[in-house]
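Novice: Sequence:
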Amino acid sequence: MRHWETLSKQVILQPNKFLTVENHIVKLPDGQIIPDWSWLIIPDAAIVLAVTADQQFLCFRQIKYAVDGTTLAPVGGMLEPGESPLDAAQRELREEMGYSASEWVNLGSYILDPNRGVATMHLFLALNAEKAAEPDSDDLEDQEMLLLSRTEIEAALKEGQFKILAWTAVVSLVLNYLQVSPLVSKVQKVVRQDLVSRDDHL
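For the record, in the sequence shown the residue sitting at position 196 is 195 according to numbering that gives the first Met the number 0, with numbers rising by one throughout.
These aren't lab readings, by the way, just hints derived from the structure by calculation.
Honestly, I wouldn't trust all of these hints.
[What the hints assert, rightly or not] Pairwise CB distance ranges, derived in the manner of DEER restraints:
hint: 1; residue 1: 19; residue 2: 132; range: 23 to 29 Å
hint: 2; residue 1: 109; residue 2: 26; range: 45 to 51 Å
hint: 3; residue 1: 149; residue 2: 34; range: 49 to 55 Å
hint: 4; residue 1: 69; residue 2: 6; range: 42 to 48 Å
[To be verified] List time: in silico EDC-like cross-link candidates among lysine to aspartate or glutamate, alpha-carbon distance up to 20 Å:
hint: 5; residue 1: 8; residue 2: 21
hint: 6; residue 1: 63; residue 2: 129
hint: 7; residue 1: 162; residue 2: 53
hint: 8; residue 1: 130; residue 2: 79
hint: 9; residue 1: 162; residue 2: 143
hint: 10; residue 1: 63; residue 2: 4
hint: 11; residue 1: 8; residue 2: 53
hint: 12; residue 1: 26; residue 2: 67
hint: 13; residue 1: 26; residue 2: 4
hint: 14; residue 1: 162; residue 2: 141
hint: 15; residue 1: 63; residue 2: 94
hint: 16; residue 1: 16; residue 2: 137
hint: 17; residue 1: 16; residue 2: 79
hint: 18; residue 1: 162; residue 2: 35
hint: 19; residue 1: 162; residue 2: 151
hint: 20; residue 1: 8; residue 2: 141
hint: 21; residue 1: 16; residue 2: 67
hint: 22; residue 1: 8; residue 2: 102
hint: 23; residue 1: 157; residue 2: 67
hint: 24; residue 1: 130; residue 2: 82
hint: 25; residue 1: 130; residue 2: 112
hint: 26; residue 1: 130; residue 2: 94
hint: 27; residue 1: 162; residue 2: 82
Heads up, the beta-carbon is just placed ideally off N, CA and C, and yes, glycines get one too.
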């Protein structure tokens, strides 16, 4: 399989720093030319689900312009120019929630739309999160910070209370990671103990 070839790009709309619309002329592998392929660009973002040492999950209940009613949400925001995804994730956690974390897990980077691009979402798990300062947020939406138990966040996920795809993805990936990682640790511990036992008998 071969990728499409971009022959040219033209900006046709750029009302602010949050949105750029381009027209691309693209060439398909069979030689066909598409002269009007729309391409959307919004800033990439980092999204974080933070967990405290006592297994409380930090979330917001908030209002979003494109969402009916309220939604649960992890913390997240756009990358600043020149900022790495991890730096952005740590900044957002500190600014929006007033928390810091001692351990970070990169859960991957994902494109929002496979055909139109739009943006890349960088997903993270922050472990051993603890209060570090008062939040310093400039968000326009009303929001309330919550601490949810494992049972509560699993129920909220199943009930569709995280109404944005990227938020649902990060919560699902975090819960899967937390379920698998203890098993991996146990296996590694057993292997290490077995190796020690063998060494003792040599």
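Novice: Tell me, which hint numbers fail for this structure?
Specialist: Hints 1, 2, 6, 7, 8, 10, 11, 12, 18, 20, 21, 22, 24, 25, 27 not satisfied by this model.
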